[in-house]
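In my numbering, the protein residues as written are 14 to 594.
Derived by calculation from the structure, the hints in this document are not laboratory data. Among these hints, one or two may not hold up.
Derived pair list, reagent style DSBU-like, types lysine-lysine, alpha-carbon separation capped at 35 Å [to be verified]: (1) LYS228 to LYS152; (2) LYS227 to LYS152; (3) LYS69 to LYS228; (4) LYS308 to LYS400; (5) LYS400 to LYS228; (6) LYS228 to LYS181; (7) LYS308 to LYS152; (8) LYS181 to LYS227; (9) LYS181 to LYS69; (10) LYS152 to LYS181; (11) LYS152 to LYS69; (12) LYS181 to LYS308.
Simulated restraints on C-beta separations [unchecked claim]: (13) LEU92 to ALA402: 51 to 57 Å; (14) GLY127 to ARG407: 29 to 35 Å; (15) THR314 to LEU92: 51 to 57 Å; (16) GLU548 to ALA356: 28 to 34 Å; (17) ALA402 to ARG438: 27 to 33 Å; (18) LEU92 to ALA216: 31 to 37 Å; (19) GLY323 to LEU153: 39 to 45 Å; (20) ASP412 to PRO166: 46 to 52 Å; (21) GLN505 to ALA356: 37 to 43 Å; (22) GLY175 to ILE304: 33 to 39 Å; (23) ASP205 to ARG374: 47 to 53 Å; (24) MET261 to ALA356: 17 to 23 Å; (25) THR314 to ARG240: 46 to 52 Å.
Glycine included, C-beta positions come from ideal geometry on N, C-alpha and C.
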Amino acid sequence: METAAAGDLSSPDLAPRDLAHREPAATQSRFRRLRDLIEGPELGFLMEAHSGLSAKLVEEAGFAGIWGSGLSMSASLGLRDNNEASWTQVLEQAEYMADASSLPILLDGDTGYGNFNNVRRLVRKLCERGIAGVCIEDKLFPKTNSFIGEAQPLADMEEFCGRLRAGKDAQPDDDFVLVARVEALISGHSMDEALRRAEAYHAAGADAILMHSKKRHAGEILAFMERWGGRCPVIIVPTMYYSTPTDMFRHAGISTIIWANHLVRASITAMRETASRIHREQSLAGIEAEIVSVKDIFALTENDELEAAGERYLPAASVPVRPPGPSTRPVRGIVLAASHGAALGAYTADKPKCMVDLRGRPLLSHLLGVLARAGVRDLAVVRGYCKAAIDPARLAVGDLTLLDNDEHASTGEVASLLCAIERLRGESVVVYGDVLFRRYILDALLAVEADIVIAVDALRQRAPGGGSRHEPDPRDVVAADKPFSASYLDDQPARLVSMGELAVPEASGEWIGLLRLSARGADLVRDELALMQAEGVAGTADLPALLSRLNARHPVAVHYITGHWLDVDTITDLADARNFS
Numbered sequence: 014m015e016t017a018a019a020g021d022l023s024s025p026d027l028a029p030r031d032l033a034h035r036e037p038a039a040t041q042s043r044f045r046r047l048r049d050l051i052e053g054p055e056l057g058f059l060m061e062a063h064s065g066l067s068a069k070l071v072e073e074a075g076f077a078g079i080w081g082s083g084l085s086m087s088a089s090l091g092l093r094d095n096n097e098a099s100w101t102q103v104l105e106q107a108e109y110m111a112d113a114s115s116l117p118i119l120l121d122g123d124t125g126y127g128n129f130n131n132v133r134r135l136v137r138k139l140c141e142r143g144i145a146g147v148c149i150e151d152k153l154f155p156k157t158n159s160f161i162g163e164a165q166p167l168a169d170m171e172e173f174c175g176r177l178r179a180g181k182d183a184q185p186d187d188d189f190v191l192v193a194r195v196e197a198l199i200s201g202h203s204m205d206e207a208l209r210r211a212e213a214y215h216a217a218g219a220d221a222i223l224m225h226s227k228k229r230h231a232g233e234i235l236a237f238m239e240r241w242g243g244r245c246p247v248i249i250v251p252t253m254y255y256s257t258p259t260d261m262f263r264h265a266g267i268s269t270i271i272w273a274n275h276l277v278r279a280s281i282t283a284m285r286e287t288a289s290r291i292h293r294e295q296s297l298a299g300i301e302a303e304i305v306s307v308k309d310i311f312a313l314t315e316n317d318e319l320e321a322a323g324e325r326y327l328p329a330a331s332v333p334v335r336p337p338g339p340s341t342r343p344v345r346g347i348v349l350a351a352s353h354g355a356a357l358g359a360y361t362a363d364k365p366k367c368m369v370d371l372r373g374r375p376l377l378s379h380l381l382g383v384l385a386r387a388g389v390r391d392l393a394v395v396r397g398y399c400k401a402a403i404d405p406a407r408l409a410v411g412d413l414t415l416l417d418n419d420e421h422a423s424t425g426e427v428a429s430l431l432c433a434i435e436r437l438r439g440e441s442v443v444v445y446g447d448v449l450f451r452r453y454i455l456d457a458l459l460a461v462e463a464d465i466v467i468a469v470d471a472l473r474q475r476a477p478g479g480g481s482r483h484e485p486d487p488r489d490v491v492a493a494d495k496p497f498s499a500s501y502l503d504d505q506p507a508r509l510v511s512m513g514e515l516a517v518p519e520a521s522g523e524w525i526g527l528l529r530l531s532a533r534g535a536d537l538v539r540d541e542l543a544l545m546q547a548e549g550v551a552g553t554a555d556l557p558a559l560l561s562r563l564n565a566r567h568p569v570a571v572h573y574i575t576g577h578w579l580d581v582d583t584i585t586d587l588a589d590a591r592n593f594s
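Hey, can you work out the whole structure from these sequences and the hints?
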């Protein structure tokens, strides 16, 4: 564990495991970037990470630097924050983080793991691994977490100054950042004692002071800043006084804020809830669409880079062949979003219903996100009512084409689809712009071997008063050649028999407004649309009419689902959608 990392250690931006492919995020070294962040004129932020994966997520979120939290690393190992994890174990975790991200890391070095000799050895090893800085606290080894108990004993001030001088003398890079964490206030000492120690540590060579407090308000921190006078940068950790507005810290002259343990805490919440739900439901059906896919893990861990490297370095016969699947084949998406949604009243007075707000994002943004995460690319949205309100900047989806049905007030869904007819080439997904569904539904639809397949909810076949406040649109009620069965094991999908205006006993379910076309299926739809135009019926026809016409000539497959979707037609639907999203 203590051996130096392989590679050119004179270039710490190139971490050992990714020398072959990772470019530095900036021309400056990580050491320089951390120093600039802490010494710069603007308030900086460091986000906690505790593993290579969490470091990637911090970088993905847009932070400029990472706090390598000792508490979080210990917790992720199932250990207490009492130096139960050895310094070499912490060093190994920090190395994985440096490999996974190009961001500079300020490591939580606890007390330095001993006396001056341990500190200088730690600093050398951190520099070898490209860790840009370390923070050590003026307590005794082994340490106890600052939020446990009261009046924890502090290190002798002069002895701690010796640790700081040893660390500075040992650093091979002048930009390496050594932060002294002052525990005086958190241990119950006076402000005068905190100032005395901070000044001594600054004089001993500390590049910045981390002033710690566990009060529920920021009074101690603000009082310290008034008396400190900007002698060197001050870093804070507002875990306890989190309700203080950030602008107060900015105006007080704070250098850097550390968000110290929130990723590990969030992960515990998510893992606890997921494990409990799976145990309770004894099924993955309800949870699968609410968590990231395995494909997302592959993307985060850069599996594509490994495949590209294999093509470069392995003999041709040794390169594994990836079979085509939903994650690799090109699939186009067409969203029909021209409708007004007048039943939503004031919510759609100045925007189409696809743009109503669901927890801070438009409905359409949620829908496009599901499509993109399922591997559907080259997305197009057909606009109509208040088309200017469909703003790509609010949708946060790349590679989006906007098409317009300017006759939306007098035409139907087929007319909107005709606006995108040139995009109906190759495998395609067509969906209404006012529906939401869990991603596993689309994943399954993409796996069905059929030219035309529609998603049908078998649980929506209820008579009025049958226990659901949702009454299906009669146009969307379908009959198939075999019903849904929870124990049905046949891999072959059902086949559409008829669609629209069916008596409830004849119904097999309700089409949810989502269909998938193979490349041949897209050709069939284009041909049918041309026939409808020639007959003069395309202008006012809806998609159920198109599907019924197609089914007369070509089999339309039915893929059954059991809930986990909704459409937004009424105010009640909108409330449900906000909970769904």
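*Among all the numbered hints in the text so far, which are the ones the structure does not match?*
Hints 5, 7, 12, 14, 15, 19, 20, 22 and 24 not satisfied by this model.
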